[in-house]
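Peer 1: Below are the chains, spelled out letter by letter.
There are 4 protein chains.
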Amino acid sequence: MKTGIWLIGARGSIATVTMAGHAAVVRGLAPMTGFVSNREVFNGADLPPLEGFIFGGHELRRMSLKEVTSATLDACGVRRYPRAFEAELDAKLDAIDEDIRPGIALRVGPQVDSVANDIRAVATEREAIDAVRLDLDAFKAKHGLRRLVMINLASTEPSVSPKASWTSLAALEAALTANESGLPSSSLYAYAALAGGDAYINFTPSLGSRLPALEELALTRGAVHGGSDGKTGETLIKSVLAELFARRNLEILSWFGQNILGNEDGRVLDDPTHKATKIRSKDHLLPKILGYAPQTRVGIDYVESLGEWKIAWDHIHFAGFLGGRMSMQFTWSGCDSLLAAPLVLDLARFTALAQRREERGLLTALSSFFKDPMGVDEQRLVAQDEELVRWALGEPR
Amino acid sequence: MKTGIWLIGARGSIATVTMAGHAAVVRGLAPMTGFVSNREVFNGADLPPLEGFIFGGHELRRMSLKEVTSATLDACGVRRYPRAFEAELDAKLDAIDEDIRPGIALRVGPQVDSVANDIRAVATEREAIDAVRLDLDAFKAKHGLRRLVMINLASTEPSVSPKASWTSLAALEAALTANESGLPSSSLYAYAALAGGDAYINFTPSLGSRLPALEELALTRGAVHGGSDGKTGETLIKSVLAELFARRNLEILSWFGQNILGNEDGRVLDDPTHKATKIRSKDHLLPKILGYAPQTRVGIDYVESLGEWKIAWDHIHFAGFLGGRMSMQFTWSGCDSLLAAPLVLDLARFTALAQRREERGLLTALSSFFKDPMGVDEQRLVAQDEELVRWALGEPR
Amino acid sequence: MKTGIWLIGARGSIATVTMAGHAAVVRGLAPMTGFVSNREVFNGADLPPLEGFIFGGHELRRMSLKEVTSATLDACGVRRYPRAFEAELDAKLDAIDEDIRPGIALRVGPQVDSVANDIRAVATEREAIDAVRLDLDAFKAKHGLRRLVMINLASTEPSVSPKASWTSLAALEAALTANESGLPSSSLYAYAALAGGDAYINFTPSLGSRLPALEELALTRGAVHGGSDGKTGETLIKSVLAELFARRNLEILSWFGQNILGNEDGRVLDDPTHKATKIRSKDHLLPKILGYAPQTRVGIDYVESLGEWKIAWDHIHFAGFLGGRMSMQFTWSGCDSLLAAPLVLDLARFTALAQRREERGLLTALSSFFKDPMGVDEQRLVAQDEELVRWALGEPR
Amino acid sequence: MKTGIWLIGARGSIATVTMAGHAAVVRGLAPMTGFVSNREVFNGADLPPLEGFIFGGHELRRMSLKEVTSATLDACGVRRYPRAFEAELDAKLDAIDEDIRPGIALRVGPQVDSVANDIRAVATEREAIDAVRLDLDAFKAKHGLRRLVMINLASTEPSVSPKASWTSLAALEAALTANESGLPSSSLYAYAALAGGDAYINFTPSLGSRLPALEELALTRGAVHGGSDGKTGETLIKSVLAELFARRNLEILSWFGQNILGNEDGRVLDDPTHKATKIRSKDHLLPKILGYAPQTRVGIDYVESLGEWKIAWDHIHFAGFLGGRMSMQFTWSGCDSLLAAPLVLDLARFTALAQRREERGLLTALSSFFKDPMGVDEQRLVAQDEELVRWALGEPR
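Protein chains in written order, with this note's numbering: chain A, 1 to 397; chain B, 398 to 794; chain C, 795 to 1191; chain D, 1192 to 1588.
Same shape as in the complex, but just chain A (with noise of 0.2 angstroms):
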């Protein structure tokens, strides 16, 4: 059986990985590694294959995706296929290229706004609801699919201040007749996704689904969301450190990060308007975890030469016993989009499986993949990891 994955953000890098990466372990190329999905536990969740995935998206920068996609396997450094296969792929992404769908543009910031060279052009937020969603069907209808999954990968939006017409399904509603919502542009894709009955989900720290009124209408249009903000290296190295230090007893006293990278994404994050949006997610699972607030600090900066690559140096500060103070320092040198990509297609079968579960609103289940996820305050990796496991596998709690 087929699944739709529409990708925000469809020629960015990380998309580019997915679809690439797909391709290959679809044809035998290249081993799961860094797919959860793939690990043993999971062999009777009877998730569904990669094979049957189908991909398209929205973009507002019209490129090639086949030069960007090469452009940034190059840039990862990864080892490329039998020339055959290259071919083969520019072929297959050539053909995903048909689908991919001038993106909405409302409220993604400075950063976005400057290179956004593909829009669709709408009037009011209704508007670009219903484009949204007329591209979703059309794209449905075209591969002759049921439901599909939206996953966001797009650009972090500045924050936005909530509004009260957030609050219920009915006054976002009125707000939006009013064009009067203030949503962001990841949230007028969720509401598209989920009033069609498709899922939502959110890997960037932008709004999305987050407010009361998308859980709401998934709940009434049957479909299941999650997020937010893939979790692929300094923060999940957070979460699991932090969790030792508490299992020890060790008092925190400072944790400071600083996170260099040179992406597109990190031009973008180098706006301070979109940075708040960013390390507000970062920042806020050490005193969950721990209990207590020690300072921290999440700094994120971009260095141009690094290209794909992200660097981050966390310095940890702590106290043992008769106030002694050591420290513990770790630096994460990591191409962003290799790590992100296999958990983009993890959230993907999850998520067809909560679909064909007809499983309805937030996924909980889903926290391991995020740096703050919605409706669930446990943020130690291992016992988010076996919730996951506990529910793929239809275990009790």
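Facing chain D, according to a computed beta carbon distance under 10 angstroms, are these residues of chain B, among others: (1) Leu650; (2) Phe653; (3) Gly659; (4) Pro691; (5) Gln692; (6) Val700; (7) His714; (8) Phe715; (9) Arg722; (10) Ser724; (11) Thr728.
Only part of the chain D face toward chain B is listed, based on derived beta-carbon distances under 10 angstroms: (12) Ser1496; (13) Leu1497; (14) Gly1498; (15) Ala1510; (16) Ser1518; (17) Thr1522; (18) Ser1524.
Using C-beta positions, here's what the derived DEER-type ranges look like: (19) C/Pro1081 <-> B/Tyr689: 44 to 50 angstroms; (20) D/Ser1305 <-> A/Arg390: 49 to 55 angstroms; (21) A/Ser114 <-> D/Leu1220: 30 to 36 angstroms; (22) A/Ser114 <-> D/Ser1305: 57 to 63 angstroms.
Quick caveat, the hints were computed from the structure, so don't treat them as lab data. For every residue, glycine included, the Cβ atom is placed at its ideal position computed from N, Cα and C.
Based on these hints, arrange chains B, C and D on the given structure of chain A.
Peer 2: Chains B, C and D in isolation, oriented as in the chain A frame:
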């Protein structure tokens, strides 16, 4: 009720911080930072309070306990107490010094031989055991103790080849009678403790009670034992990071760890005959957690200027999706004695709990404390710790 | 012969270590580790000995000098002296405390304003200068000093925009008379010192004597001055590593540096108005050494738990042959006051030498001590240091 | 005019990057990044251009030069050239392959013996020399070369104990005639080159020309030689940092360096008989720069997954004023072959310059290129480099 704590290596760095720290905690001058047993979850476990602890031990070096304690605390940069308490602490340590006896020194290795100057003269293995046992009985009688917990904090012994006589108690008894058991001091101490129904905990990678004959002895005499090799720093971090990589299905290509340290422990480990024992203990857990065996190396070098400090540098090389090669590095900078001392006191509390419950034989529930836990395959810290919680609270597995 | 050392920020961390360390060296209790002037090569330079130094200064905070000194030394983990010397040191510091006067506080920035509680009340810029000058003259008279060396160790001031009136002494005098020079305190102090023929050395990135009018004043009055911003840690390392990359013709792609620190200096720099001044000083030397301008960033963040310690992490991304991309990272972990204090005393010695030689105007030979040396393009440490040697020994260039 | 470059270890990583990189530079496809000789200061030195270089060499392993070159470039992550050039490069390498002869393999050590499969069969030391000399003469004749520069890039040989016969040319000749000189292959190669008036440069820590008898031979035959052990990474950094600490009079307490690497060089060095030679070379410069001998350690370990990459971690422990203990750490992550290849070509250019100037004997001016420069005490990079400049420009010292 009083609990006797008998430390092998009683004037070593860990022992001194254990005793000084205990005194400070009991007087309300230091919080229980770094104590596992002080976590809220153990409130229901009815652990013996620190107030009832009485210390004694064996040691091979003639030194003033209060002087080495003061030097160790200084080297760890620990802030000093009010002057009034310093005098009180010195008096306490002088009193404990009275209960520290000359140790036995069979097969302790060249680096220990070279500094030992306070050795109990014994002609045979059996005499060594008897001498130790007499010291323990005298201590118990003097302080009115029913049982005690012996904890091995002595320098790492060279490895010894297993002997057939170690596989059963009967065979071991015969070998001891013939003075050809080949057991190192750590095991003779363990024999002496267990034979009298007392507990033996091995905080070092030396052989200790890790032989079937001594497990049989423990079961026979109603004694408990546990070990081995306290997990305080680099290996502790390794155990949680390895689980992270496993749960994310990232492939570890190689894991290189280098430790530099400057105290007596480091001086002894600098000798290859001693070092091999330690490295084996530090280097075995990755394959167990990962399910495959990447190339690993653990280096230990003595850098005298570091004094009580240990610095570890680990380089983790891993592959992600599409074979992309990434890396993580960490440095750990800790004062080993400050990290170990609360765990020693934790072990004393949990072991005393087992004694009160009339348990016997190997205490596998203590695995989270050890680099190389006897009788336990589980090497993941979180699972080990949760097992400790279950056991301590008397919950079913 | 006696030399007066007048410290601005006389109860700050650097000043306290300078004075306590001076006392310890003079009493033979501490070696001259960290002193440039103590290198054998300077034996022939006839530098004034430390024994003749007499300290005084200005400060904006009312505190006990001996108490803050003791706290600073503790925070740096410096080993304490014999008890006998502690009493002697306290007495010395109490005596110096008598010679510390309330400072002036014009344009010192919000973070300094918020803690200043011992301010000399003045109505105009001219009054501020006169008040300072009176304090200096009183100190010289009291101790029978012919000249003194004022050294600015105060918190970094916010940057100020240059004014036309700064370009000549005549224009500046007019502006001062009109009370509209716009000069920050650091420059008013410099004016006061130079006007009386005394030396002014700026160990901070504040404006100080960096304006043509004050150079003119120095030349007119036969005074010397130098600065600015003591080069003690990250920038020092940067200056030698950058030269290495230049000599090996490797191409720096980006250089990212992050500093975290916990003392009063860090607290002040955490405010953006103060921080900008510092970052400009730290970030300009790479293009001068390399001959081209790679992307650079310097971050400074306040991490309170670090106290007197500063940790810097630098990530250097470079290209080698065939465009191969490689990297170097370093972490620097230092106690700034311990690194700065001997340089302050060095600067006092070299400046006093210049005074004895009747030099006047800017002392460019001191460039090796500064992050942003006035009047000097050469940023390579070795060349700067060799210039210092030549000058000190009176050799031709 | 053409210059012959004869590489020992001609199919090793450094040699392949040297030859491929040379081809790319000559065709204008790669800039001269990493070349010392390309710095502007050498414009006046009239160095021989790369265009005239002709390559040949000896090698012990039968392999396709173009295939190992391609694998090495891939492993270094170097971006590939236009496809048109790849074919041209392959043709060039095939042509060079014709000029690579089976090497001699006396005392090359167990790790080299185990992979050598293309050995020139010789019965005696003298036969080995003659065989090499014949190859050199044939190469010169074929390409019409007056002189050549032999550069040793072969795997590090085990150390050998000096013999009395090495101290004079006469004694050495007698020992060679008796086939009991005890010289390793690196020295036999050096003899063969120098005997014919050709130059010998030792880029490895093997013995090479480091014996009085060979200096005598060079002087007699009008040949030049230099070495040893190319300074490409960790030691290079060490040499400038150590000078920094010396100029700031900070006291190094200990300096620990650990290298991990994954190529053939690493595989060979993993054997203790080979490793000792290397470590001696890396570990001697600190005392010379500092003027005292802190505790130092240099570790080298083979971590296969790293391939061509070398990671070094150094921990520098130092004392500042008042005995305050601080530290600096650095990690260096480089592709050794990319760093070494331009230096090999630099050495060829500078050596050819010396030949043109009819110099003879040891070229001490090349010290900046070597970890353990023969005949030179100066270990500080800046001073060494300035000496190179002076010599190259023909300026007086």
